[in-house]
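Visitor: Residue numbers for the first sequence follow our numbering, beginning at 35 and rising by one.
To be clear, the hints were calculated from the coordinates, so they are not data collected in a lab. By construction, the Cβ of each residue, glycine as well, lies at the ideal position given by its N, Cα and C atoms. Hints may be right or wrong, so weigh each one.
[Claimed, not checked] Ranges between beta-carbon positions, derived for each pair:
{"no.": "1", "residue 1": "L710", "residue 2": "R203", "range": "48 to 58 Å"}
{"no.": "2", "residue 1": "V792", "residue 2": "R767", "range": "25 to 35 Å"}
{"no.": "3", "residue 1": "R203", "residue 2": "L106", "range": "24 to 34 Å"}
{"no.": "4", "residue 1": "L112", "residue 2": "A771", "range": "39 to 49 Å"}
{"no.": "5", "residue 1": "D706", "residue 2": "Q756", "range": "49 to 59 Å"}
{"no.": "6", "residue 1": "R702", "residue 2": "L800", "range": "12 to 22 Å"}
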Amino acid sequence: MTHANPSPDDDALLPLDAVRERPGPGRAARARPGVVRAAGVAREQGVAEQVRGVPEPAAELPVARVVVDTPLPHLDRLFDYLVPAPLDAAAVPGCRVRIRFAGKLVDGFLMERVETTEHQGRLTRLERVVSAEPVLTPEIAALARVVADHYAGTMADVLRLAVPPRHARVEAEAVAASGTGTDPRAESEAAEPSGEPGSERTAGEPETGEAGPRPPEPVRERREHGPGEEQGVVPGPGQGGDSEPERGPGPWADYREGEAFLAALAKGGSPRAVWTALPGTDQDGPGWPRAVAVAVRETLHGGRGALVVLPDGKDVALADAALSAVLGPGAHVALTADLGPAERYRRWLRLSRGQVRVAVGTRAAAFAPVADLGLAVIWDDGDDLHSERLAPYPHTREVLALRAHRARAGLLIGGYARTAEATQLIATGWAGPIVAARQAVRARAPRVRPAGEDSELARDEAARAARLPSLAWRILRTGLESGPVLVQVPRRGYLPALACQGCRAPARCGHCGGPFALRGGHVAPYCRWCGRIAGEWRCPSCGGARVRAQVVGARRTAEELGRAFPSVRVKTSGRDGVLATVGAARALVVATPGAEPVPEGGYAAAVLLDGWALLGRPDLRAAEETLRRWMNAAALLRPSAELVVLADSSLPVVQALLRWDPVTHAERELADRTELGFPPAVKMATLTGSPAGVREMLGEVALPPEAQVLGPVPVASPRGDQVRERAMVRIARGSGATLAAALKGAVGVRSARKAAEVVKVCIDPLDVI
DNA sequence: ACCGTGGAGGGT
DNA sequence: CCCTCCACGGTC
């Protein structure tokens, strides 16, 4: 930073009231290096003017363009403020400011300093520069803008996700550390051209002001400036040489396109790939974390930074460990929610200041300020944790795709299974596939055996009680002779959905199409959306009149399983209390999907009990999601270990698991959705709110003529009693930007008009029925 | 959201 | 002739 020992009462950090009390020449002399000005005199005058309430503006670039932190959609643009001379040095692009907006003091980010304003009328002055730390880099600012546009949201909402809250003490301590050299990593920073990240970084950044998001093109061209030209390859301490003796392809040797992908990263290219990872867990754990780390290493070798985003803390821990092993200590930072605000901000600052070039973390890390990004990785893009739950509900895959495209970085979408969305990226030619040879798949995949509903139950009394087929019981018992075994059970708290007894088609409400459920005590099923009781229900596909519950009580299954194997330790892992790992000792591990502990040396066997629950869900993604959860569990088995899935082998999804062929399944899924006009083949948006609000908005929104409106239909309300409805808007993929703009426009007009009924807009919603 | 403006209405 | 209250529209 600019000075060695900034104190909390640095004038740049304080409101002018405080400055007024202590106007000292010593303070005023601390100007930003590189901006030469005769500050002393002007500044003293400025302070004097302050006392009379008329600010003396900064001599150069006196206008600050500010993005204001307001939730109001119609105010989603930049506002101009006057930079008072005393704040001149601190008011750097990307810094946090406080401004008076509509009479209230609010937060904002200073986007740029300019000479003049378009605004007619007087400019208000910046009230305060919160800190001169340039936390909003031009790249992230531009990314937040395009993400907001893509999701019909506001830039301020996206920035709340992208930039962590400030922690003043951490900001100060880190400055002191890197300035005094007490930070063990400070030496690597000394190699950088400048101690001030803000000014240095802007040079290589893509233009921030370009119009709209470009459609992705299948480019694989080289970057304009070759690798290592500007800054040289700056390896972190401990990285390169000593800890990594040779740079082989490692796990990528198993994939046909693997080495080409690595080579493209190393020479500064922008390869984009959907990677279908090999299953199997052995002494070294699952293979994917190391593969990710090697791809990151190649990117660093090409002189650029990298970013890895994973669905949950368990996967972050795996990737974190692999990065430490491959890159050496201190070459990356891990960003997760459980760090607490101080440590999170501390690590985030190391990235933002260019002291570290690699970040790994959960979904908010998609916005981490990795400088000169060369590779973005998302693991398991089908996991709904990648979908942000705060407005405007961006998805990690989409954010990283937009970001990689803009930064001309590589993108790696990895997983055991494959989403229809990733398949679509391949279909359009924007990304290429990375798959292993069939022979390698056969060598690593488990041996899967289906046990349909009609299969024989175990003869053992306890196993019968747990509804275990004899095949499953035998395989678990055999597995338990050599190590831990896994039982995947449906998620706790899953409301049992109902299906036709005859053909197992999900039973839906005749009124609104919602799913039926059974409530404790009630005999008749009721609709979970509109609450109607299913009186005279008839299955639309086979005419049957009887329904069956899809789920056997989950927790009970776990308890009963324990009784079926009395001499074995039972460990559970689920929503509350996720177990990250289990040892190699014999144990029966009962886990819900996504919470399966990673076993040392791999599971010896597994049974997937939740097939009916997963497949019976009234959801567009039911089959894809089922295969994803099955494969994520099955990949934790030792190569060729035995696995039983309780589902009918005639189902395509069971076949895909048997053959370990997620690619064909995903291609078929995409083809089906294309035929039905479902996402990702088409663009979807939902409008949710009160019936009046949704109808009003549908009447106002200037939709393109080819847009198709479905509904509105009643939906379950989060807060019980009030009635809510949801409408869907469907349009061709290519018109996504037009649709988003139209919806944003309508939302803005409504908010400007202070329409009483707030309507929530969601683009690319996950829960399309 | 919140503030400032200005029109209408009633009181001075 | 002025004051106040509420509705409406802008927010640098």
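Visitor: Please go over all the hints and tell whether each is borne out by the structure.
Guide: Okay, the hints, checked on the actual structure:
{"no.": "1", "hint": "L710 - R203: 48 to 58 Å", "result": "holds, 55 Å"}
{"no.": "2", "hint": "V792 - R767: 25 to 35 Å", "result": "holds, 28 Å"}
{"no.": "3", "hint": "R203 - L106: 24 to 34 Å", "result": "holds, 32 Å"}
{"no.": "4", "hint": "L112 - A771: 39 to 49 Å", "result": "violated, 21 Å"}
{"no.": "5", "hint": "D706 - Q756: 49 to 59 Å", "result": "violated, 36 Å"}
{"no.": "6", "hint": "R702 - L800: 12 to 22 Å", "result": "holds, 20 Å"}
When the structure is compared with the earlier hints, violations turn up for hints 4, 5 and for no others.
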